[in-house]
Amino acid sequence: MSVPAYELQAVSRTFGVGDAARRALDAVSLTIEAGEVTAITGPSGSGKSTLLAILGALDAGYVGRVSLQGVDLASLDERARARLRAQKIGFVFQSFHLLAHLSVRDNVSVPALFARSAGDPASRAEEVLARVGLPGRSRDRPDALSGGQRQRVAIARALFASPEILLCDEPTGNLDRASSAEIVALLVREARERGRAVVVVTHDPEVSSRADREVSLRDGALVEAA
Amino acid sequence: MTPGALALLVRRELSRSGGALATAGFGILAGTFALAFFVALGLGARAVLLGDVFPLDRVELEPEARPEPGLLALLTGRGKAPPGIAPEAVERLSRHPGVAAAYPKLKFAFPSGAFGGKEIIGRDVGTHEMLADGVAPALVAPDIKGPTPFEDPLARGGAACSVDSDCASSEYCELPSDAARGQCSAPVPVIVSPYLVEIFNKGIAPAHGLPQLGMTLVTRAQGVTFRLQLGVSMMGAAKRGKSRDVKARLVGVSRSALDLGATLPLPVVERWNREYFGPEAATRPSSLLLRTKTAADVASVVQAGAAEGLVARDSRARDVSVLVTSTIALLSLVAGTMLVVGATNIAHTFRMLVSERRREIGLYRALGATPGDIRAWVLALAVAVGVAGGLAGVGLARVAAWLVDLLAATHLPDFPFKPASFFLFPAWLVVGAAAFGVGFAVTGALFAVRRAVKIDPMEALGSG
Numbered sequence: 002m003s004v005p006a007y008e009l010q011a012v013s014r015t016f017g018v019g020d021a022a023r024r025a026l027d028a029v030s031l032t033i034e035a036g037e038v039t040a041i042t043g044p045s046g047s048g049k050s051t052l053l054a055i056l057g058a059l060d061a062g063y064v065g066r067v068s069l070q071g072v073d074l075a076s077l078d079e080r081a082r083a084r085l086r087a088q089k090i091g092f093v094f095q096s097f098h099l100l101a102h103l104s105v106r107d108n109v110s111v112p113a114l115f116a117r118s119a120g121d122p123a124s125r126a127e128e129v130l131a132r133v134g135l136p137g138r139s140r141d142r143p144d145a146l147s148g149g150q151r152q153r154v155a156i157a158r159a160l161f162a163s164p165e166i167l168l169c170d171e172p173t174g175n176l177d178r179a180s181s182a183e184i185v186a187l188l189v190r191e192a193r194e195r196g197r198a199v200v201v202v203t204h205d206p207e208v209s210s211r212a213d214r215e216v217s218l219r220d221g222a223l224v225e226a227a
Numbered sequence: 020m021t022p023g024a025l026a027l028l029v030r031r032e033l034s035r036s037g038g039a040l041a042t043a044g045f046g047i048l049a050g051t052f053a054l055a056f057f058v059a060l061g062l063g064a065r066a067v068l069l070g071d072v073f074p075l076d077r078v079e080l081e082p083e084a085r086p087e088p089g090l091l092a093l094l095t096g097r098g099k100a101p102p103g104i105a106p107e108a109v110e111r112l113s114r115h116p117g118v119a120a121a122y123p124k125l126k127f128a129f130p131s132g133a134f135g136g137k138e139i140i141g142r143d144v145g146t147h148e149m150l151a152d153g154v155a156p157a158l159v160a161p162d163i164k165g166p167t168p169f170e171d172p173l174a175r176g177g178a179a180c181s182v183d184s185d186c187a188s189s190e191y192c193e194l195p196s197d198a199a200r201g202q203c204s205a206p207v208p209v210i211v212s213p214y215l216v217e218i219f220n221k222g223i224a225p226a227h228g229l230p231q232l233g234m235t236l237v238t239r240a241q242g243v244t245f246r247l248q249l250g251v252s253m254m255g256a257a258k259r260g261k262s263r264d265v266k267a268r269l270v271g272v273s274r275s276a277l278d279l280g281a282t283l284p285l286p287v288v289e290r291w292n293r294e295y296f297g298p299e300a301a302t303r304p305s306s307l308l309l310r311t312k313t314a315a316d317v318a319s320v321v322q323a324g325a326a327e328g329l330v331a332r333d334s335r336a337r338d339v340s341v342l343v344t345s346t347i348a349l350l351s352l353v354a355g356t357m358l359v360v361g362a363t364n365i366a367h368t369f370r371m372l373v374s375e376r377r378r379e380i381g382l383y384r385a386l387g388a389t390p391g392d393i394r395a396w397v398l399a400l401a402v403a404v405g406v407a408g409g410l411a412g413v414g415l416a417r418v419a420a421w422l423v424d425l426l427a428a429t430h431l432p433d434f435p436f437k438p439a440s441f442f443l444f445p446a447w448l449v450v451g452a453a454a455f456g457v458g459f460a461v462t463g464a465l466f467a468v469r470r471a472v473k474i475d476p477m478e479a480l481g482s483g
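So the sequence lines, in the order shown, correspond to chains C and B. Each number in the numbering used here comes from the position in the first sequence (counting from 1) with 1 added on. Each number in the numbering used here comes from the position in the second sequence (counting from 1) with 19 added on.
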């Protein structure tokens with residue numbers, strides 16, 4: 002029996018103290034399996050991004066238990082969480098967050114700055130760029146690319162370190178329908194072919210309809226796990 | 020993060036924000052320049068003043084000036100004998116823990132004159148009233164570069180004589196006033212001070228139309244023979260003995276020589292003082308030169324001398340030292356203020372830089388950078404700016420110093436002890452000034468580092 006990518010047990014997150022305290026997540030329990038695309042949906046302010054930050058080991062201020070492939074994230078210090086992100090987690094953002102002063106290839110290989118990799122970063126960047134359908138664009142600057150191509154570069158960057166988990170925050174939020182469909186297809190393929198756990202925070206029903214599973218949040222609480 | 024990755028990040032940032040960082044580094048450059056320039060100037064001044072003009076690692080003690088003897092003392096003959104220093108006091112001071120070596124000095128206790136110099140300056144010059152003293156040969160031995168030793172020539176023996184013609188042409192007959200027979204002697208070795216050479220060059224030579232004496236020429240002129248006139252001067256004759264001429268030979272230039280006069284081997288002066296004044300003028304040194312182990316020992320040695328009734332002959336060294344140190348401190352304070360302004364500039368620039376890189380820092384954190392990696396990145400950037408500003412500042416200070424020296428050499432009139440360079444750039448100053456630049460740059464960036472490390476990645480990346 003394989004270990005789930007994530008297991009969350011009664012996870013709550015509160016910001017602020019006293020009268021200003023606001024509960025962003027409320028006793029969320031959830032299991033996310035490898036090889037699946039999980040869509041997290043819900044209105045703005047429902048706690049989607051807070052959940053994503055906790056899954057990405059970027060927020061350790063929660064209560065409850067979060068384990069990533071059986072490892073309790075609360076047992077890790079800041080350094081170990083950073084190493085975990087570098088090795089096991091790839092992030093994809095709505096705004097791409099590509100560095101305009103770097104070439105596509107250098108953008109893709111940014112993760113190599115923070116994790117030791119055996120191979121040549123440039124070769125690895127070319128490899129993942131080919132995988133996301135952008136061969137031959139490695140010398141271009143991001144501003145020479147379309148929105149869909151930029152998101153492909155961002156996905157290539159997320160795949161650079163061969164992570165077992167992809168966390169995507171509104172990956173199609175800034176794209177047209179055609180580009181959105183391509184990006185979703187790419188993410189689904191990564192889950193199917195590589196066995197990656199793909200978690201997608203989205204408002205887009207088209208995206209959630211392609212997911213293996215949809216998790217809805219409302220006011221920080223899990224209202225549906227289909 | 021590996022050092023290579025850190026270097027890559029810094030290099031990328033330098034090429035991206037070069038203009039802003041260069042502006043920020045300018046304050047560091049200016050401060051480091053001022054620090055290196057002023058301290059080097061102070062060190063150069065100190066080297067000349069305390070190395071050549073007022074040596075600091077030595078003190079000369081002499082008996083405290085006695086009050087006017089009064090008419091009765093003059094009539095009874097009291098007060099005529101040179102007071103001198105008791106041999107017991109010399110012995111005690113020699114054993115002082117701060118004293119490395121003690122050298123008695125003995126002034127001429129009789130009138131004298133000196134004439135010669137034709138071989139060097141083309142015609143004989145001289146003085147009918149010469150000041151001279153004697154020092155222990157060991158004191159000046161390191162300064163004697165020529166073949167003639169600085170010692171009593173009679174110590175080597177000599178043929179008996181009555182007149183100079185009984186001796187070889189290079190010798191003279193050393194015939195004391197009360198002796199029937201004398202002893203052939205090589206010319207008495209004489210040394211003069213560089214100060215006297217400077218005074219001659221800058222004062223006497225121009226006034227009398229004589230050529231100046233470069234130090235090299237003086238050194239080459241060693242061996243030139245002079246005529247010393249003993250027992251008589253333009254002020255009168257000695258109370259004892261007969262006036263006579265002896266031969267003397269210039270054998271060197273030494274800082275230990277009498278500033279305005281001639282310095283001879285101590286045994287020679289002891290002998291002549293005994294001949295022209297009496298035994299009491301031969302046994303009690305007129306002053307005692309003490310070389311201290313460190314400059315810091317001078318104060319305690321002076322205090323020990325005071326207990327023997329002796330005072331420091333010259334406190335200018337300490338005065339100059341205090342003056343130079345105070346000036347360096349003041350100018351360093353000015354440079355320090357400039358560095359503080361530079362650090363403030365760095366702080367502002369780095370604060371802006373971190374604000375502009377907020378998303379980028381958030382991205383790096385999401386991709387696996389630790390807070391330590393972010394801290395190292397911003398600090399390394401500050402170090403790079405500091406190193407560049409610091410080295411450029413030190414380099415500029417050296418160029419400015421070279422220009423000042425060039426202008427001084429070509430435009431300033433010659434003056435005593437005018438140095439070849441007014442600046443001294445020891446390695447520690449170069450490294451230290453650059454390190455100060457780095458230190459202030461890093462200090463300026465610390466606040467920005469703190470902000471950078473505290474950036475919440477998800478917030479910075481626009482998730483809410």
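Be a bit skeptical, because a hint or two may be false.
[Stated by the list, open to error] Pulled a few chain B residues facing chain C out of the computed Cβ check, cut under 7 Å:
| # | residue |
| --- | --- |
| 1 | Met20 |
| 2 | Gly355 |
| 3 | Thr356 |
| 4 | Val359 |
| 5 | Ala388 |
| 6 | Val472 |
| 7 | Met477 |
| 8 | Ala479 |
| 9 | Leu480 |
| 10 | Gly481 |
[Stated by the list, open to error] If you want the ones that stay clear, here's a sample from chain C, every Cβ over 10 Å from chain B, calculated:
| # | residue |
| --- | --- |
| 11 | Glu34 |
| 12 | Leu53 |
| 13 | Asp60 |
| 14 | Ser76 |
| 15 | Arg80 |
| 16 | Ala87 |
| 17 | Gln95 |
| 18 | Arg140 |
| 19 | Arg158 |
Hints in this document: simulated from the structure, not taken from any laboratory. For each residue, glycine too, the CB sits at the ideal point set by N, CA and C.
Cross-check of the supplied hints:
For methionine 20 of chain B, the suggested interface contact is upheld, since its CB lies about 6 Å from the closest CB of chain C, less than 7 Å. Annotation: interface hint on glycine 355 of chain B violated; nearest CB of chain C at approximately 36 Å, more than 7 Å. A hinted interface residue such as threonine 356 of chain B counts as satisfied when its beta carbon comes closer than 7 Å to some beta carbon of chain C; here the least separation is about 36 Å, so the hint is violated. Taken as an interface hint, valine 359 of chain B does not check out: its beta carbon lies about 32 Å from the nearest beta carbon of chain C, beyond 7 Å.
Residue-level restraint check for alanine 388 of chain B holds (minimum Cβ-Cβ distance to chain C is 5 Å; threshold 7 Å). Using the Cβ-Cβ criterion of 7 Å, the hint placing valine 472 of chain B at the interface with chain C is not satisfied: the shortest such distance is roughly 10 Å. The beta carbon of methionine 477 of chain B comes within 4 Å of a beta carbon in chain C, closer than 7 Å, and the hint placing it at the interface holds. At about 9 Å, the closest approach between the beta carbon of alanine 479 of chain B and any beta carbon in chain C exceeds 7 Å, and the interface hint on this residue is violated.
With a cut of 7 Å, the hint placing leucine 480 of chain B at the interface with chain C holds, because the nearest CB-to-CB distance is about 6 Å. With a least beta-carbon distance of about 6 Å to chain C, the hint placing glycine 481 of chain B at the interface is held under the 7 Å criterion. Interface exclusion of glutamate 34 of chain C from chain B stands, the closest Cβ pair being 23 Å apart, more than 10 Å. For leucine 53 of chain C, the requirement that its beta carbon stay farther than 10 Å from each beta carbon of chain B is not met, with the minimum near 7 Å.
Interface exclusion of aspartate 60 of chain C from chain B breaks down, the closest Cβ pair being 7 Å apart, not more than 10 Å. Remark: the non-interface label on serine 76 of chain C is consistent with the geometry, its nearest Cβ contact in chain B lying 17 Å away (cut-off 10 Å). A cut-off of 10 Å between C-beta atoms contradicts the statement that arginine 80 of chain C is not in contact with chain B; the least separation is 5 Å. Under the 10 Å C-beta cut-off, the non-interface status given to alanine 87 of chain C relative to chain B is violated; the minimum distance is some 3 Å.
At roughly 7 Å from the closest C-beta of chain B, the C-beta of glutamine 95 of chain C falls inside 10 Å, breaking its exclusion from the interface. Its beta-carbon lying about 16 Å from the closest one in chain B, arginine 140 of chain C satisfies the requirement of being farther than 10 Å from that chain. Its beta-carbon lying about 8 Å from the closest one in chain B, arginine 158 of chain C breaks the requirement of being farther than 10 Å from that chain.
The structure fails hints 2, 3, 4, 6, 8, 12, 13, 15, 16, 17, 19 (numbered hints given earlier, in ascending order).
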